[in-house]
Each structure stands twice: as structure tokens, then as C-alpha cells.
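Please take these sequences and the hints and turn them into a complete structure.
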Amino acid sequence: MARHINISKSLKAAAQRADWTKVMISLFMASFIVIINLAEMLRLPELLVYDKLVFYSYEKPQQNHVLLLEVSPQALNESPKQLTGIIDRLLIHSPKQILMMHSLEQFKQDQLQQWLKHEQVDYIPTVYRTFQDGGDIDYQYKSSRALQTITPLGFALPVSSSYGITRAIPFAIFTPEKVLHSFQAELTQTNTKALNSIFINFNQGTPSIPRYKAEKLLKVGIIDELVKDKIIMIIPAPDDFMPGLVTPKNNYSEPVLPYYVQAMALNSLLNQSDISMLEPWQSASICFLLFIFYLFSFQWLNLRFGTLIILTSTITLLTLGWYLLSFHYFYIPVFSFTISIITALLTAIPLHRVTEQYVFDSLRLEILSQLKSKKAPHSFYQVDDPWNHIIVFINQHLFLNRSILLERIENDHRVKEIKSLGCSIEDIAEQRRDYTRYPYNQALQQQIPFNLKDRLYFKQNFEGEKQFLIPLKFENEVLGFWAFTVIPDTNWDQNKFFSDINVFANQIGLLIHNRKTFNNEDNINKNLLTQLLNFNLGLNNHKSLKSAVDGLGLRLRIMEGIFDGMSSAAMLYDLFGNIISSNQLMDQLARESHFSIYELTSLDLISQACAISQDEARSRLRHVAMNSESIDLPLSELIENRQYLLRIRSIKPKINTAANINDHDLPFELLGILFEFINVTPIQQRFTTDIIVYENLNSILRNDLSSLSLCQLQLSLSPDTDREILDQMNQAIQHCTEVVTNADKLLSYSSSTVADTAKLLHPLDVLNRTLIELKNSMTQAQLSFNTMLPTFTSLIFIGEEAINNLLFQSLRLLIEDAIPDTQINISLKEQKRTNELQHTGSIVIIMSNTGYGVPQKELNTERKDASYIESDSLSLFKKAIISASPWQVIVTSTSHVGSGFEVNIELPAINFYNTSET
Amino acid sequence: MTEVTNQSRILLIEDDKALSKLTIMLLNREHIEVIHAQDGEEALLLLNDQEFNLIITDLNMPQIDGLTLITELREKQSEIPIIVTTGVTNESIHKQLHGLGVAKIYVKPLMSNIYGELIEDIKRYL
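Residue numbers (this note's numbering), protein chains in the order written: chain A, 1 to 918; chain B, 1 to 126.
Do not rely on the hints blindly, as some may be mistaken.
Which chain A residues face chain B? A few, computed with CB under 7 angstroms, are given here [unchecked claim]:
#: 1; residue: 706
#: 2; residue: 792
#: 3; residue: 882
Under the rule of at most 30 angstroms between Cα atoms (straight-line distance), these lysine-lysine pairs were calculated in the DSSO-like manner [what the hints assert, rightly or not]:
#: 4; chain 1: A; residue 1: 178; chain 2: A; residue 2: 216
#: 5; chain 1: A; residue 1: 745; chain 2: B; residue 2: 95
#: 6; chain 1: B; residue 1: 95; chain 2: A; residue 2: 775
Covered, in the sense of this in silico footprint (three residues per stretch, anywhere, with C-beta under 8 angstroms from a C-beta of chain B), are these stretches of chain A [what the hints assert, rightly or not]:
#: 7; region: 731 to 744
#: 8; region: 823 to 831
Since the hints were made in silico from the structure, they are not lab data.
Cβ atoms here follow ideal geometry from the backbone N, Cα and C, with glycine treated the same way.
Below is the structure:
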């Protein structure tokens with residue numbers, strides 16, 4: 001667990017190292033977003049998005065406040081009467097304003113004064129943008145000299161066109177001489193300080209601004225609705241030479257008249273439907289916030305989800321932009337916002353990768369270092385050549401005199417030395433080193449080491465030395481050869497030696513194979529070109545991580561194997577009573593037990609299995625958790641006829657730092673609570689047997705002790721009475737000694753491996769266990785037991801399985817034969833029998849039923865062996881008799897058709913008396 | 001000591017020969033007539049033929065043990081006083097014996113002073 005703590009610390013440190021880098025990169029990118037917004041570097045793509053949204057925006061019909069009255073240039077030039085007539089005709093219809101937007105240069109002052117005396121009539125000079133030498137922009141407008149003293153209401157300012165598309169008109173133009181205000185701003189009294197220009201709403205319905213010809217006005221007049229309370233713009237009638245403007249709503253093939261754009265701008269302002277936009281600083285602020293928000297959000301997402309979020313956000317922004325533009329005449333900078341989100345993703349992913357890389361590197365190095373320290377001793381890695389250790393190890397274990405390991409040269413039929421001990425390659429007489437020739441080819445054909453007695457392999461031969469050669473293979477591939485010599489002593493076992501050599505040769509073959517594979521991979525990894533072509537340059541860390549993970553996996557499998565291989569059933573709970581892990585024995589125990597172990601919490605399991613209250617169980621668990629101690633609890637009845645001990649102990653991390661040594665264990669530092677179910681049945685049986693023996697022994701000795709007391713009493717009453725008393729005393733003492741000696745011998749014998757199939761058993765216990773086992777069968781057959789059993793009997797020394805099987809099959813025969821609603825009679829008696837040493841009596845079990853029975857002849861038919869396969873109860877009964885016969889068990893059985901069975905089982909008893917005395 | 005009449009007879013049921021012999025010697029010294037049975041089966045036969053004032057019995061015996069014998073006697077409505085000398089210390093069996101009207105239970109091994117007490121009890125029932 002200390003390892004786990006170290007890894008956690010490494011990860012934490014790695015994460016801390018990455019923090020400042022992340023903050024700096026984040027701030028840099030946020031600044032970048034703000035700057036490009038303030039500098040309006042995204043204006044072009046933003047306007048393109050704006051154009052598209054305007055083009056597709058909802059066309060909302062608007063109230064018209066303007067009429068364009070087109071007067072032909074010819075009419076204007078002919079006579080002032082023409083224009084006077086137009087104005088007079090218009091004034092009849094009470095227009096809100098009449099704006100004379102054409103040139104008035106040719107008219108005299110008095111004429112102009114006459115027109116402009118009307119309150120509704122104003123003159124709006126048209127300003128033209130001109131380009132001076134050097135590319136400077138200048139503005140000019142034509143006006144009557146007579147009106148130089150008169151300030152016009154406003155000017156028809158040139159439209160703002162960006163990238164060839166007209167979207168707005170400025171509210172004012174600053175020239176060196178004066179500020180020229182737009183007539184739209186003057187008419188609508190718009191605060192021009194707050195805004196620079198008006199973004200014209202081109203979606204004003206079709207057609208939005210009505211146009212009327214002056215000639216028609218003069219000839220036929222005009223309907224009142226077109227003029228009344230409207231602003232009449234008198235403009236020159238368009239001709240083929242008048243340039244048109246491209247707007248977001250129309251393309252180059254359908255240009256719009258400049259005066260028409262002016263009228264639309266005026267109408268937009270009057271309807272308050274001009275398009276509002278964010279100021280650059282506002283846009284920059286929102287972009288900054290969006291960047292920060294998405295930067296944090298993308299930390300939880302990978303690239304795929306991040307892209308999905310960007311797509312979703314972009315679609316949402318476009319929809320929102322369309323809605324706001326169509327219904328609220330407001331444009332949000334969709335493109336800038338989208339760019340901010342994308343930038344956040346492009347920033348978050350590398351930052352995430354930076355942290356991951358730190359963590360990954362720390363983790364990899366930590367795991368590798370730990371695995372390396374665990375896999376093999378440090379000394380193994382500290383040497384350059386591990387073959388030294390291997391060959392020394394081999395020679396020491398096999399008592400070899402000389403050894404040389406030869407490796408096959410790649411793509412050649414020759415061999416070279418890997419390592420030798422006690423010799424060198426120069427000592428080999430054979431010079432060709434060609435493994436297709438003698439002696440290598442001979443060695444390849446043999447299953448055992450090839451004895452080189454005919455032609456010596458090593459040049460010099462020591463007295464009594466034998467030379468051998470064996471191929472080193474892996475999966476039938478010849479990887480090399482191993483030549484060795486041995487000087488056999490008198491105890492040398494050639495077969496054992498060859499067997500050991502074969503085992504070692506296989507292991508060395510595997511090592512050479514691994515070394516070859518490693519070298520090949522290493523060569524590939526070292527070759528830059530190979531790595532480049534395989535796109536493997538950046539994958540070394542992944543390989544090492546995979547190696548580390550494989551190593552961890554192996555160790556995990558080993559740990560699981562150890563956990564499963566525990567001799568006791570074990571289950572690990574967390575501190576909250578939930579199961580973390582269990583081993584195979586536990587699974588088996590859970591299947592066999594009548595408790596639903598895996599469905600119980602640790603508390604319930606203790607309470608139910610140990611038959612203690614919940615409070616006591618809680619107290620026990622608390623003790624284990626708080627004091628980090630283990631407790632043992634006897635389990636009442638986990639599985640019938642099996643005794644278990646429940647050992648509960650806390651599993652805590654290994655403490656290996658000085659700082660932690662003095663710390664008290666806290667419950668939350670525990671890894672879990674381990675429950676071990678230790679099967680103590682064999683131990684308990686052994687102790688039970690001993691207890692039974694001692695009880696039996698005690699019972700016998702009590703009589704002798706009582707005899708001695710009686711002797712003492714009689715001697716005290718009359719010391720010289722009887723010689724017979726003294727003889728009785730001597731006999732009692734002698735008997736006690738012999739009984740104890742016999743008991744001691746018998747106990748030693750019963751616990752020895754010689755008697756591993758036999759046990760000292762109490763016949764009453766054996767019989768009672770069988771009765772319990774058959775309880776369900778009895779109930780199903782509607783039968784009951786009628787037992788006559790003594791309180792105490794001598795012991796029996798017998799194969800437990802044999803006696804269990806004999807009793808079981810005997811009773812099963814009786815049960816299957818019995819008539820329902822009758823009784824099975826069972827009695828157990830002890831009777832004398834004096835034909836065996838230490839067997840001074842016998843235990844007789846008599847079982848009978850009221851059943852159908854079989855002819856005695858059929859019952860008497862003997863079986864010579866137990867190899868038959870019949871599975872009926874009678875056959876199994878006879879088979880059980882044969883199995884019990886080695887233990888001097890005598891079984892007599894009788895049966896008559898219509899009366900059932902009676903089975904007498906006589907078991908040799910043991911009570912420690914010597915036969916000579918009984 | 002209590003005076004024992006000539007007609008007083010007790011039945012000693014004990015499978016241990018040495019202990020039986022010594023017990024009989026002790027009781028005879030007290031002028032008590034003792035008839036010995038080796039186990040419960042033999043005792044039942046004697047009880048069918050003869051009259052006894054008291055039974056002293058062991059529990060652990062072959063054939064018919066002491067507990068079975070006492071149970072059978074009580075089933076036959078016999079009210080003969082019974083003293084049990086046994087190595088069995090099991091409390092449930094002791095309770096069972098008291099339930100069957102056993103006068104006293106002596107747990108073996110009996111020390112010499114306890115034998116004095118036993119003789120006094122025997123005389124009390126004769």
C-alpha cells in the first residue's frame with residue numbers, strides 16, 4: 001500500500017507542476033481572443049456571416065414613411081416652374097417633409113428662397129466620396145451658391161461599403177472644414193455621439209419604399225396616402241449610367257439605387273428597425289467569458305465530445321443570431337463567439353495533454369521502478385550480463401564440471417559462445433561450429449543428452465569425466481547447444497541427471513528465445529528511420545506503459561491466485577460492510593451454506609452466522625476497525641456437520657515512513673475488513689477424538705481409583721486384616737499403569753500417518769450424524785426412527801468413510817423397503833469380545849424395519865468385489881459391507897418377504913484394557 | 001452406625017470386577033448382604049426372582065446400562081431405592097436420574113471418606 005501512496009504523491013506533484021503552465025497558456029489565449037476582437041480582426045468573416053443571416057432572415061413588412069419622387073434631369077433643367085408645380089402639388093397632400101436631394105445649382109436665389117420658405121421643404125445636398133492623390137479620401141457636395149449662407153438640414157452621406165457590400169450609412173462625416181451630419185440622423189434626431197453609423201435593415205418588405213414619377217404627379221396627381229405625413233425625397237430619375245449598390249439582400253446582378261438605400265436607411269430609423277450591433281469592447285468581453293467558460297468545460301471532455309459541443313454551440317449561435325436579427329433587429333457576433341469556443345477547445349486539449357503527460361510520465365516511471373524492484377533482485381539488474389548468474393546456478397545445482405552455452409548465429413548454420421564456466425570456446429576440439437554436422441546433428445536426433453564418448457568434444461578430458469551435448473530449443477526451433485561435463489560419483493543416478501538436464505535445457509532455451517526477441521525489438525526501437533516509417537517515434541512511452549500495465553496485470557493475477565489459493569474461505573469487506581472481493585473457497589462455501597452470504601452485510605453475517613445480537617456484532621466490528629486487531633468467533637451452523645471459525649481482521653496499508661509510524665490508525669485508512677472462514681472440522685474432530693479417548697480412559701481409571709480408595713479405607717479400619725486387600729491394591733495400580741500405556745500407544749498410532757485412513761471414533765456420534773443425514777429421506781418416506789441408544793460406549797478404530805457409508809447404506813435399504821407410517825428401530829449395545837488385542841468387546845448396532853423384505857437367498861448372495869455398477873439400495877448395501885470388511889466389521893442381515901430387514905453391525909470396540917486381564 | 005437387620009439385602013450392579021469385590025468386602029464388614037450383578041441384564045434377572053432393599057448401580061455397562069435398567073424398573077412401578085455410582089458427570093443425565101427417583105448419585109472416583117458417607121446412606125435405606 002505504501003506503493004499506492006507513493007504513486008498518489010507523484011501524481012499530485014505532477015499535477016501541481018502543470019498548474020502554472022496551464023494558467024499562463026490560458027491567460028495568453030484569453031488575451032489573444034480579447035485583442036483580435038478589439039482590433040476587429042474578425043470583421044470580414046463576421047460580416048460575411050452577417051450577410052448570410054440578413055439574406056436568410058425573416059422578412060418582416062414594415063410601415064413605410066418615405067416616398068421617392070423621381071424627377072427627370074430634363075424637367076429639372078427646363079424651368080423652375082416644373083419643380084414649383086411639383087412642390088405645390090405635394091404640399092396639397094400635407095407631406096411631413098419634402099427633401100430636395102437633387103442639385104439646385106442652376107436655379108436663382110429668389111427661386112430657391114421661394115421654395116425653401118415652405119416649412120416642410122428642405123434641401124439635402126449629396127456628399128460624394130473622392131480620392132485625392134496619394135489615396136486620401138475627401139468628401140465633396142454640390143450646392144447653390146445662393147444657399148451658401150443657409151445650413152441644410154443634413155446631407156446625403158455616402159454609404160459605408162465593406163468588401164463591396166453596402167450595409168450601413170455613417171451618421172456623420174468629419175471633414176477638415178466641418179462635420180457633415182446625415183439627414184437621416186437630423187430628421188429622426190438620433191444621438192450620433194452614441195453610434196457611428198446606421199446598419200440598414202434591408203428586410204422591409206417588397207417593395208418597401210414606393211417610387212413615383214414627377215411627370216405622372218403633374219399629369220394625373222397622386223393618391224393622398226402616398227404623400228400625407230410622408231417624407232418625400234425628390235431625387236433625380238435613374239438612368240442607365242447611375243451606379244447601383246450591392247447589399248446583403250441583393251446580389252451584383254440586381255444593384256440598388258443609392259437614393260433607394262438612403263431612403264431605406266431613413267425608413268429603418270423611423271421604424272426603429274435598424275440593426276444594432278455590439279461594440280468591439282462588448283464583443284471582446286463576451287468572447288473572453290465564453291473562452292473561460294468553455295475552457296473549464298472542455299477539461300472534462302475529450303476531443304470527440306469537444307467537437308460535438310462546438311458544432312452544437314455554433315448551430316445554437318446561428319439560430320439565436322437569426323432569431324435576434326429577424327425579430328429584434330440585433331446581430332450577435334456569431335463568428336467571433338464560435339472562434340472563442342473553438343479556441344477554448346484547442347487550448348484545453350493541449351493543456352489537458354500536458355497534465356496527462358506529466359501524470360503519465362510519473363505513473364509510468366513509478367510503476368516501472370516498483371515492478372523492477374519486485375521482479376528480480378537488484379543485483380540481477382546491476383550486472384551487465386545475467387548469464388553469469390545462470391551458468392553458475394546451473395553448474396552448482398547439477399554438479400557439472402564444465403559448461404558452455406552456444407547460441408545459433410542468425411541466418412547461419414554456425415554457433416557462437418554465450419557463456420562458459422570452467423572452460424572456453426577454445427577448449428572445444430570441434431572447430432567447425434556447424435550445427436548441421438557431427439556432433440550437433442547427432443544431439444538433435446536424441447531425446448536425452450548426447451554422450452560424446454566416441455569423439456571427445458572438449459580437447460582435454462579429466463579422469464572419470466563424461467562429456468554431453470544437448471540442443472537448446474524453443475517450440476522446436478533450434479536456438480543453440482549446451483555442452484557440459486560431469487564426473488559422476490558412486491551415487492550418480494543417470495536417469496535423474498538426464499531428467500534434470502532436460503528441464504534446465506528447456507528453461508535455457510526459453511531464456512535464449514526471450515533474449516533474442518528482446519534484442520530484435522531493441523534493434524528496431526533504436527533505428528530512427530524504422531521508427532519514423534512506422535510512425536512509432538512518439539510511442540515509446542505507450543510501450544513502456546503497456547509493459548508496466550502488463551506487469552501490474554501479472555502481479556494482480558498472482559495476487560488473485562494467492563487469494564484464491566488460501567486454505568480458508570476469505571471475503572474482503574469495505575468499511576461500510578459491502579463486499580470488495582472473495583476467493584474461490586468462499587464462493588464454494590457460499591453455495592453450500594444455507595446463508596445467503598453474498599447478500600448479507602458484514603454486520604448481518606456476523607450476527608446470523610455467529611448467533612449473536614446485532615449490537616454485539618457491531619461492537620465486535622468496531623473493535624476490529626478501531627483497534628486494527630483480529631478477533632476469532634465460532635460459527636454456530638454455517639454448514640451442517642462442519643465447524644468453522646470466523647477470523648475477522650482489518651487490512652491496512654503497510655506503513656513504511658517514519659512520519660506514519662506514530663500515527664494511530666484511523667478507520668478510514670483501513671483498506672477493508674477481511675473475513676476468513678477457517679474450517680476447523682478436522683482439528684475439532686481430532687480434539688473431539690482425544691476428548692472422547694480421555695473421557696473413556698478417565699471412566700476406566702475412576703474405577704481403579706475408587707478401588708484404591710476402598711483398599712485404603714479397609715486398611716485404615718483393620719491394617720492387618722487381609723493380604724487380599726494388598727493384592728487388590730497392587731492389581732489396581734498395575735492396571736492403571738497398563739491402561740495408560742495402552743491409551744498412549746493407541747493415541748500415537750491413531751495420529752500416525754500409518755493409520756491415516758482409520759480414526760478413533762465414537763460410534764454414537766457416527767450413528768447420530770447418519771441419522772441427521774437421512775432425516776429428510778425419512779420424512780419423505782413417512783417414517784420415524786425409534787432409537788435405543790446408551791449414554792456411553794467404548795470407541796471404535798475404523799475408516800470413517802467406510803463406517804459412514806455402511807451405516808448410511810444400511811439405513812437407506814431399510815428406509816426404501818419400509819412400509820409408510822412405520823418405524824425404523826435402531827439400537828446400539830456394547831458387548832464383550834475377546835479375540836483381538838485391545839479389542840475387548842464390540843459395539844453392536846441393530847437396525848430393523850417393518851417392510852416388504854426380500855428372500856434371504858437374495859440377501860445372502862455374496863459379492864466378491866466392489867466393482868459392480870448397480871445402484872439399487874441392496875447392491876449399495878452389499879458394496880458398503882465389502883468396503884468395511886478390512887476393519888473387522890461383521891455384518892449379519894436377515895430378511896423375509898413380508899417382514900422387512902434386520903441388520904446387525906458388529907464393530908470392534910476399544911477400551912484400553914489388555915485382553916489378558918479381562 | 002445404623003443397625004442393619006439380617007433380612008437387609010442390597011443389589012450391587014458393577015461391571016468392574018475388582019471394584020465389585022472390594023465394595024462387597026466393605027459392605028460385608030458392615031454386615032450388609034450384597035448380591036452382585038455384572039450388568040443390567042443380569043440385574044433384571046435377579047430382580048425378577050429376589051427381593052432387595054436397595055440397588056447400587058453403575059451407569060456405563062455393557063448389554064443393558066444403568067440408565068436403561070432404572071428406566072425399566074420405574075416403568076414396572078418398582079419403588080426400590082437406588083443409589084448410582086458413576087463416572088458420568090453430564091448434568092442432563094443427572095437430572096434424568098433424579099427424575100427417575102434416584103436417591104443419590106455418587107461421582108467416581110470415590111475417596112475413602114465418601115465411602116463412609118455411602119455406607120451411611122445405604123444403612124439409611126435398609
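Could you grab the alpha-carbon distance between residue 95 of chain B and residue 775 of chain A and see if it respects the 30 angstroms cut-off? Status holds; Cα separation ~28 angstroms.
Interface hint check: residue 706 of chain A, Cβ to nearest Cβ on chain B, cutoff 7 angstroms. Holds or violated? holds (5 angstroms)
Given pair status - residue 216 of chain A, residue 178 of chain A, alpha carbons within 30 angstroms: violated (39 angstroms)
For the region 823 to 831 of chain A, does the count of residues with a C-beta closer than 8 angstroms to a C-beta of chain B reach 3? Answer holds; 3 residues pass the 8 angstroms Cβ test.
Status of the residue 792 of chain A interface restraint (C-beta, 7 angstroms, chain B): holds (4 angstroms)
Holds or violated: the region 731 to 744 of chain A covered by chain B, criterion of 3 or more residues with Cβ-Cβ distance under 8 angstroms? holds (count 3)
Would the hint linking residue 745 of chain A and residue 95 of chain B be met if the CA-CA limit is 30 angstroms? Roughly 36 angstroms separates the two Cα atoms, so the pair is violated.
Can you verify the interface hint for residue 882 of chain A: is its Cβ closer than 7 angstroms to any Cβ in chain B? Hint violated; residue 882 of chain A Cβ to chain B Cβ min 29 angstroms, cut 7 angstroms.
Hints 3, 4, 5 from the earlier list are contradicted by this structure; the remaining hints agree with it.
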